[in-house]
Amino acid sequence: VQEIGERPLRGADTHPSGYPTVAAVDHFGQLISERTNGRLRLRNYAGGQLGEEKDTLEITVFGGLDINRVNLAPLNPIEPLTLVPSLPFLFQSTDHMRRSLDGAPGRTVLNALERHGLIGLAFYDSGERSFYNTRGPIRTPADMRGLKLRVQTSDLYVALVQALGASPIPMSYGEVFQGLVQGVVDGAENNWPSYQDSRHFEVARYYSLTRHVMAPEVLVASGRTWAKLTPADREIIRAAATESVPFMRGLWEAREQTARQATLAAGVEVVEDLDRAAFEAAMRPVWDRFITSDAQRTLVEQIRGMA
Amino acid sequence: MELILLLGLLALLLILGVPVAFALGLASLATFIFMDIAPVVAFQRIATGVNVFALMAIPFFVFAGDLMQQAGIAERLVRVADAAMGRMRGGLGVVDVGASMMFGGVSGSAVASVSALGSTLIPMMKSKGYDADYAVNVTSTSAILGILIPPSHNMIIYAAAAGVSVSVADLFLAGVVPGIVTGILLAAVAWFIAVRRGYPKGEFPGWPAFARAFAAAIPGLLTAVIIFGGVLGGVFTPTESSAVAVIYTLVIALIVYRTLGFRGFTTAAQNAVKTTAMVMLIIGSAAAFGWLLALLEAPEQLATLLQTLTDNPILILLMINIILLVLGTFMDMAPLIVITSPIFLPVAMATGMDPVQFGIMLMLNLGIGLVTPPVGSVLFVGCAVGKIKVEQAVRTIWPFYLALFAALMAITFVPALSLTLPGLLG
Amino acid sequence: MLAGLAFVSRWISRGTLAFAAFGLIVMTGIIGWSVFARYVLGDAPAWAEQAALLLMVWFVLLAAAVGVREQFHLGMTAATDAMPEGLRRLSRIVALLCVAGFGAAMGVWGGELVARTWAFDIPTLGVPRGAAYLPLPIAGWLSVLFAVEHLITEARGRKVEPLWS
Ligand code: NA
Ligand code: NA
Chain A
1 VQEIGERPLR
11 GADTHPSGYP
21 TVAAVDHFGQ
31 LISERTNGRL
41 RLRNYAGGQL
51 GEEKDTLEIT
61 VFGGLDINRV
71 NLAPLNPIEP
81 LTLVPSLPFL
91 FQSTDHMRRS
101 LDGAPGRTVL
111 NALERHGLIG
121 LAFYDSGERS
131 FYNTRGPIRT
141 PADMRGLKLR
151 VQTSDLYVAL
161 VQALGASPIP
171 MSYGEVFQGL
181 VQGVVDGAEN
191 NWPSYQDSRH
201 FEVARYYSLT
211 RHVMAPEVLV
221 ASGRTWAKLT
231 PADREIIRAA
241 ATESVPFMRG
251 LWEAREQTAR
261 QATLAAGVEV
271 VEDLDRAAFE
281 AAMRPVWDRF
291 ITSDAQRTLV
301 EQIRGMA
Chain B
1 MELILLLGLL
11 ALLLILGVPV
21 AFALGLASLA
31 TFIFMDIAPV
41 VAFQRIATGV
51 NVFALMAIPF
61 FVFAGDLMQQ
71 AGIAERLVRV
81 ADAAMGRMRG
91 GLGVVDVGAS
101 MMFGGVSGSA
111 VASVSALGST
121 LIPMMKSKGY
131 DADYAVNVTS
141 TSAILGILIP
151 PSHNMIIYAA
161 AAGVSVSVAD
171 LFLAGVVPGI
181 VTGILLAAVA
191 WFIAVRRGYP
201 KGEFPGWPAF
211 ARAFAAAIPG
221 LLTAVIIFGG
231 VLGGVFTPTE
241 SSAVAVIYTL
251 VIALIVYRTL
261 GFRGFTTAAQ
271 NAVKTTAMVM
281 LIIGSAAAFG
291 WLLALLEAPE
301 QLATLLQTLT
311 DNPILILLMI
321 NIILLVLGTF
331 MDMAPLIVIT
341 SPIFLPVAMA
351 TGMDPVQFGI
361 MLMLNLGIGL
371 VTPPVGSVLF
381 VGCAVGKIKV
391 EQAVRTIWPF
401 YLALFAALMA
411 ITFVPALSLT
421 LPGLLG
Chain C
1 MLAGLAFVSR
11 WISRGTLAFA
21 AFGLIVMTGI
31 IGWSVFARYV
41 LGDAPAWAEQ
51 AALLLMVWFV
61 LLAAAVGVRE
71 QFHLGMTAAT
81 DAMPEGLRRL
91 SRIVALLCVA
101 GFGAAMGVWG
111 GELVARTWAF
121 DIPTLGVPRG
131 AAYLPLPIAG
141 WLSVLFAVEH
151 LITEARGRKV
161 EPLWS
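Chains as they are written, first to last, in the working numbering: chain A, 1 to 307; chain B, 1 to 426; chain C, 1 to 165.
Keep in mind that a hint or two might mislead.
[To be verified] Straight-line C-alpha distance at most 20 Å; calculated EDC-like pairs for lysine to aspartate or glutamate: (1) 389(B) <-> 70(C); (2) 54(A) <-> 121(C); (3) 389(B) <-> 81(C); (4) 128(B) <-> 203(B).
[To be verified] Selected chain C positions facing chain B (in silico; Cβ < 10 Å): (5) 63; (6) 79; (7) 96; (8) 164.
No lab work stands behind these hints: they were computed from the structure.
Don't be surprised by glycine CBs; every beta carbon is placed ideally from N, CA and C.
This is chain A alone, in the form it adopts within the complex (with noise of 0.2 Å):
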């Protein structure tokens, strides 16, 4: 049996090594190592190695996992209050998010979490997702009539898509690159890195910024995992969290520019006129099915407060 500080810490990502995310929490783990002079290490295991977001925030709550990496979405049926940041045109831009984020909304986030067993540490950027497919610009909401539009296995998103009058197909991210091929899908939406790194630029040729979710990511530490930790410890795994914060929007934007280059440089087509008043309009009733409890209205009223 090993304690903490016997063996380093275990963290998991599912992106690759190198993305801003791995990146950001290497250098979380530096700084932890640097200030208790080598008595706290981690080792973070990217690429998915260890599992689905899903799965790895599971093993985190059993103690399995010491630090986790993960989107905001695999938390949305765990807990009610993270809804609120996933909420489809909540945030009027990037800034608005990270003034949010940063701020007491956000706490109150990384605080609910407790309760199941993960210690929220910081909110990480995950960019703009917007809405790419292969049949043509996307401009409102009467342009993605009938698009069968692939999404994450989420609620959210399947109700977003159905309220912007879209078919959402559930698919594996796996199936995805040959189902745009050969038809199964007309589109997806991510973010440019993503939209990039998949590969579906080649296929999706029209990226629409409709700029609809900017969902973070989020930092969490495990609940057992912490109950072993000191004060002092805690104290500089939260610091070090809150300071890999700038460093990884450091990276995240040089890391969107390369992305929105490399792919217009491939020749797609990117859609910046949207008609941003329509989109909005048709979220009224995904906002009412998601936001049902009054700690969520407060939160929304909150975020919304600080545009």
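Given chain A, put chains B and C with the ligands in place with the hints provided.
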């Protein structure tokens, strides 16, 4: 220490005759407990290892194959294949490799390929006097061709994991020639063994008889048309095509041929469930086992070992291949791609290898791992549908391994094999 | 007592077979329906993928447990085949004990997994996540039952009669 416990316990349990799935599960469980990781994690890995959409191809294609068997559709297909290729000794073996190249080409999944083709072709070959081990070995080894022949979702995983910019389009193009070369080598081995074992050679029944056999088999042959057409036409995904194959087979068995009774139907479902359960429990346990290998950094440890041993480029490439083959023996393909690409690609590139060529080498190498025990899902599906023991297959599989290894060496040391096509068209 | 056990085990084996076959057929129907709905009706049921997966986990694990009774699991027999009869019998008993032990572990920790994930939903399906893990404890305890049946019949010098051909 933990690695020794994990691997040693697995070996011991296998020797004692503990079923593979339970041996993998127990060895993993003991290691979880030894490492003070909550044992619930082991069982979560097992359940989520089974809970994979792409794996649905196993029950569906096996079910479709069993239905064809029960309804006599498979028999009609045998007659056509026999009439067409029966004059040539080992003809069905060559047909098998060709069918794998086409089906695997479309589906990109070796497991789907062996489930789909194995459940019709293996009984077909057995009924024609071919040995079961031969039928299983040809079908299983040629099933991995689909990983090389585009489209191949594993190549997309590699492109994302490589860490350097690799175009999926280039990878797809690069896989074509190596896929065909490997297919030809396998077909040659299949033919050679068939001749040596003296498998029966049929007589051409004459064109009228051939036409009759062909006409009787048309609804069955349309299964292939529907699968290919449906996937290529964007009606359904390769995984979904397996369910469509079941429905289509049911329809023709019940309405066109009227050869399927309730008894035959339940027998087919029973056989399909049994085959699926034995293979997928192993896949689930292997997921727990593989999770530990990743956690214990087995690939990294082997890479470190490699770098201390040699700096000769040829030896390095050889040893990368051997390490990958060893890892592929124990772990599944997708996790190995993401773990090993960032470790070995820089080493290979330092010897002058192109990342696209490395990708093709990795695909075939890890594909070979799918047909090697103790963790070889494709070989296990083959054995299950062929109703033989894994040892029985492995005893006579080595000429096929040899063909695959020869192809692997050619891909490793002849860059032109992979890079000519992307260079011309890319 | 052995007769009672044999009766129960036969009954469970048959019942699981029926359930598993039914599950496979429903699974086929679900995927078939989702293809039809997407291609012909232009709209796909969002729950289809998760529902089919859930069925698959259930029938795979339950049928795998029955595989302990029917002894259809793949194993290496090269080493045990080379052993003298006494040693072979001993390894057969050890192997059965291993299977029983693993089954019990699956029963206990699989059960804990169910309890700890019951409060969370499977997205698009609205069923507790624990439902995807529930076949673990069931299959675990069934494996124990079947392995024990084999151990008892082995001790009496008999064999369990397989039901699945
Ligand atoms: Na392919
Ligand atoms: Na293997």
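Consistency of the hints with the structure:
1. Restraint check for residue 389(B) and residue 70(C): the C-alpha separation of about 15 Å stays at or below 20 Å, so the hint holds.
2. With a CA separation close to 11 Å, the supplied pair residue 54(A) and residue 121(C) stays within the 20 Å bound.
3. Taken as a hint, the residue 389(B) and residue 81(C) pair is honoured in the structure, with Cα atoms around 13 Å apart against an allowance of 20 Å.
4. Among the hinted pairs, residue 128(B) with residue 203(B) is consistent with the structure: their alpha-carbon atoms are about 13 Å apart, no more than 20 Å.
5. A cut of 10 Å between beta carbons decides the hint on residue 63(C): the least distance to chain B is about 4 Å, and the hint holds.
6. For residue 79(C), the interface hint holds, since its Cβ comes within 10 Å of a Cβ in chain B; the closest pair sits about 4 Å apart.
7. Annotation: residue 96(C) was flagged as interfacial toward chain B, and the flag holds, the nearest CB pair being 9 Å apart, inside 10 Å.
8. For the restraint placing residue 164(C) at the interface with chain B, the shortest Cβ-Cβ distance is roughly 6 Å, inside the 10 Å limit, so the hint holds.
Of the numbered hints given earlier, the model fails none.
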